[in-house]
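Asker: If you're matching them up, the sequences are chains A and B in order. Residues 1 to 333, numbered by my numbering, are exactly what the first sequence covers, in order. Residues 1 to 290, numbered by my numbering, are exactly what the second sequence covers, in order.
Worth flagging that the hints you see were computed from the coordinates, not collected in a lab. Fair warning: there could be bad hints in the mix.
[Stated by the list, open to error] Cross-link-like lysine-lysine pairs, in silico, DSS-like; alpha carbons within 27 Å at most:
#, chain 1, residue 1, chain 2, residue 2
1, B, Lys286, A, Lys130
2, A, Lys3, A, Lys74
3, A, Lys119, A, Lys94
4, A, Lys74, A, Lys111
5, A, Lys74, B, Lys140
6, A, Lys238, A, Lys74
7, A, Lys111, A, Lys101
8, A, Lys130, A, Lys119
9, A, Lys130, A, Lys111
10, A, Lys130, A, Lys101
11, A, Lys74, A, Lys101
12, A, Lys94, B, Lys124
13, A, Lys238, A, Lys203
14, A, Lys111, A, Lys94
15, A, Lys130, B, Lys195
16, B, Lys124, B, Lys140
17, A, Lys101, A, Lys119
18, A, Lys3, A, Lys130
19, A, Lys111, B, Lys140
20, B, Lys140, A, Lys94
21, B, Lys195, A, Lys101
[Claimed, not checked] Here are some chain A residues the structure puts well away from chain B; computed CB gaps all over 12 Å:
#, residue
22, Met79
23, Ser83
24, Tyr84
25, Met102
26, Val149
We treat Cβ as the ideally placed atom computed from N, Cα and C, and that holds for glycine.
In case you want the letters, here they are:
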Amino acid sequence: MGKITLSQVTKSFGDVQVIPPLDLEINDGEFVVFVGPSGCGKSTLLRLIAGLEDVSSGRIDIDGAEATELPPAKRRLAMVFQSYALYPHMSVRKNIAFPMKMANVPEDEQKRRIDSAAKALNLSDYLDRKPGQLSGGQRQRVAIGRAIVREPAAFLFDEPLSNLDAALRVGMRLEISELHERLATTMIYVTHDQVEAMTMADKIVVLRAGHIEQVGSPLELYRAPRNLFVAGFIGSPKMNFIEGQTAEAHGAHTIGIRPEHIEVSATEGMWQGRVAVSEHLGSDSFFHVHDTGLADVITVRASGEIGFRHGDTIFLTPREDQLHRFGADGLRM
Amino acid sequence: MSTKASRAAARLMISPSVILLLGWMLIPLGLTLYFSVLRYNLLMPGDNPFVGFENYSYFLTDPGFTAAIWNTLALVLGVLVITIIGGILLALLLDQPMWGQGIVRILVIAPFFVMPTVSALVWKNMFLNPVNGLFAHLFKALGLEPFDFLAQAPLLSIIGIVSWQWLPFATLILLTALQSLDSEQLEAAEMDGAKPLSRFWYIMLPHLARAITVVVLIQTIFLLSVFAEILVTTNGGPGYASTNLTYLIYVQSLLQYDVGMGSAGGVVAIILANIVAIFLMRMIGKNLEA
Ligand SMILES: Nc1ncnc2c1ncn2[C@@H]1O[C@H](COP(=O)(O)OP(=O)(O)O)[C@@H](O)[C@H]1O
Ligand SMILES: [Mg+2]
Numbered sequence: 001m002g003k004i005t006l007s008q009v010t011k012s013f014g015d016v017q018v019i020p021p022l023d024l025e026i027n028d029g030e031f032v033v034f035v036g037p038s039g040c041g042k043s044t045l046l047r048l049i050a051g052l053e054d055v056s057s058g059r060i061d062i063d064g065a066e067a068t069e070l071p072p073a074k075r076r077l078a079m080v081f082q083s084y085a086l087y088p089h090m091s092v093r094k095n096i097a098f099p100m101k102m103a104n105v106p107e108d109e110q111k112r113r114i115d116s117a118a119k120a121l122n123l124s125d126y127l128d129r130k131p132g133q134l135s136g137g138q139r140q141r142v143a144i145g146r147a148i149v150r151e152p153a154a155f156l157f158d159e160p161l162s163n164l165d166a167a168l169r170v171g172m173r174l175e176i177s178e179l180h181e182r183l184a185t186t187m188i189y190v191t192h193d194q195v196e197a198m199t200m201a202d203k204i205v206v207l208r209a210g211h212i213e214q215v216g217s218p219l220e221l222y223r224a225p226r227n228l229f230v231a232g233f234i235g236s237p238k239m240n241f242i243e244g245q246t247a248e249a250h251g252a253h254t255i256g257i258r259p260e261h262i263e264v265s266a267t268e269g270m271w272q273g274r275v276a277v278s279e280h281l282g283s284d285s286f287f288h289v290h291d292t293g294l295a296d297v298i299t300v301r302a303s304g305e306i307g308f309r310h311g312d313t314i315f316l317t318p319r320e321d322q323l324h325r326f327g328a329d330g331l332r333m
Numbered sequence: 001m002s003t004k005a006s007r008a009a010a011r012l013m014i015s016p017s018v019i020l021l022l023g024w025m026l027i028p029l030g031l032t033l034y035f036s037v038l039r040y041n042l043l044m045p046g047d048n049p050f051v052g053f054e055n056y057s058y059f060l061t062d063p064g065f066t067a068a069i070w071n072t073l074a075l076v077l078g079v080l081v082i083t084i085i086g087g088i089l090l091a092l093l094l095d096q097p098m099w100g101q102g103i104v105r106i107l108v109i110a111p112f113f114v115m116p117t118v119s120a121l122v123w124k125n126m127f128l129n130p131v132n133g134l135f136a137h138l139f140k141a142l143g144l145e146p147f148d149f150l151a152q153a154p155l156l157s158i159i160g161i162v163s164w165q166w167l168p169f170a171t172l173i174l175l176t177a178l179q180s181l182d183s184e185q186l187e188a189a190e191m192d193g194a195k196p197l198s199r200f201w202y203i204m205l206p207h208l209a210r211a212i213t214v215v216v217l218i219q220t221i222f223l224l225s226v227f228a229e230i231l232v233t234t235n236g237g238p239g240y241a242s243t244n245l246t247y248l249i250y251v252q253s254l255l256q257y258d259v260g261m262g263s264a265g266g267v268v269a270i271i272l273a274n275i276v277a278i279f280l281m282r283m284i285g286k287n288l289e290a
């Protein structure tokens, strides 16, 4: 149904190559997340798949058929835009009906699909309102509803949650995940937020400057990041990187250790430092440790009961089995 | 403006301009109303007796009056239709990325800067003249009889000239409106399977509704009082064929030195303008609400 293959796809705007040759396979029913810093070409890649931009070279296959030259409407993909792109002068019902109207779906079938989408998305009470009278979360749902009723081969989402507040974001994240479970349709989801990527994805594609840095399941990326960039990007708080003698002692140029893989103690440990900032979340505490002689700052994560204050001396012991070793070229050893 | 004190201060501060504006409008309006009920002809000096509605009945029964009303409406409607359809098409065209966009846009706007008398003269002498005009040459080149536009189709010619003047205005307003359309909406519609014509009809046109309303309202105000173009081309003729209400008032008052009659005509014009305004607001006013 929704298998998408990119082969040697490139995209240039004028002289600037935004996407260097890129290969990617997205399997039917997969939830794939493109993640990377702002400006790395995630949206461009999504728009290439959608057909809103022409590829400069390369080939795109959807469902085993070449789609490189196909116009967007013929690709059977539905897209949810960051700005939602609802039609402001149409009611919610008309917005959702629009793609079906364009496809000449019979009226009663339209009605059936609108009603079921509205029920699934909790929009039944709002069908006759205009988008301007809805909250951000509701608009988001309308945009998703408009995508669902087309029964597409795959859904494309471009940072759909970035305009929502934190609480709504968590809620919508769950709703989109549930939607994926229920429909089992391929979904491609673009975000710069690694938390969204980790929580939602079957497969994460980490991008930097148009390059694919690594493709893998969330846990694969977490456990075995292929290079320094992925190691630093995936995981929160960020992995600590240590260079110099300590790293050389482990036979590496750089070693990385995640904050949650460091034991803390007030009395003894491998490294000694001074707590600069402590953040208590209740369940966890984060300590930003200075003056270790290893790096400017080492972040550690400890259970919420442990209390260090600003200025306290703290001893850190990394778990040797969780050390990540990287060579001078930045690649995992 | 939330507290009582600040509201009072605001009223106090805007009062000079409000009073000035009221005086500016009410005094001339009052004088016009006053003159319209007097027998007041400059060719017959003396006292100016009160005659009630005599001026009005003369003006309304003038053989040119009905013709002038219909001509006024035809002129306004004709120009509106031409400028809005033409303006939308031009705006769509100018919105396309192309080489020399800036210059082309300035050129398109240029007619708006030509004063009405001049543009009407240019049209009369350079284009429409049955002997020397470009159209006459064109007709001759095609082996056709030259057409005397201003004599054969005076009102249509004037509609053409006035449309030419107002097309840039409509284009400019509609172009800016078009440029404010979120491109993601168009892309969403494209992905939803809307063909270019459907995208125009379902996405662009509703987005333009407010701008179109603004164009209609502003142009109507000016088009109700078209005058210079008629004066320098047809003089309202032949007969009353191209006389609109403004021109009729000019003929009645200035040409016959009849202040009373002209004032009555002016009052009639105000009433007509208000009727048109009420109709317009009923029909399209809701587009202006946010
Ligand atoms: N239409 C365009 N013309 C020129 N450059 C563009 C265009 N669209 C995107 N770019 C450039 O391509 C790069 C990637 O953009 P984008 O895909 O939007 O990044 P992301 O979505 O990851 O933040 C950016 O450097 C951006 O400036
Ligand atoms: Mg983007």
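Asker: None of the hints should be skipped; say for each whether it holds.
Answerer: Results for each hint:
no. : hint                   : in the structure
1   : Lys286/B with Lys130/A : holds, 15 Å
2   : Lys3/A with Lys74/A    : holds, 15 Å
3   : Lys119/A with Lys94/A  : holds, 16 Å
4   : Lys74/A with Lys111/A  : holds, 23 Å
5   : Lys74/A with Lys140/B  : violated, 52 Å
6   : Lys238/A with Lys74/A  : violated, 42 Å
7   : Lys111/A with Lys101/A : holds, 11 Å
8   : Lys130/A with Lys119/A : holds, 18 Å
9   : Lys130/A with Lys111/A : holds, 18 Å
10  : Lys130/A with Lys101/A : holds, 18 Å
11  : Lys74/A with Lys101/A  : holds, 15 Å
12  : Lys94/A with Lys124/B  : violated, 51 Å
13  : Lys238/A with Lys203/A : holds, 20 Å
14  : Lys111/A with Lys94/A  : holds, 11 Å
15  : Lys130/A with Lys195/B : holds, 24 Å
16  : Lys124/B with Lys140/B : holds, 18 Å
17  : Lys101/A with Lys119/A : holds, 20 Å
18  : Lys3/A with Lys130/A   : violated, 35 Å
19  : Lys111/A with Lys140/B : violated, 62 Å
20  : Lys140/B with Lys94/A  : violated, 55 Å
21  : Lys195/B with Lys101/A : holds, 12 Å
22  : Met79                  : violated, 5 Å
23  : Ser83                  : violated, 5 Å
24  : Tyr84                  : violated, 8 Å
25  : Met102                 : violated, 4 Å
26  : Val149                 : violated, 10 Å
Violation of the numbered hints given earlier is confined to hints 5, 6, 12, 18, 19, 20, 22, 23, 24, 25 and 26; the remaining hints are satisfied by the structure.
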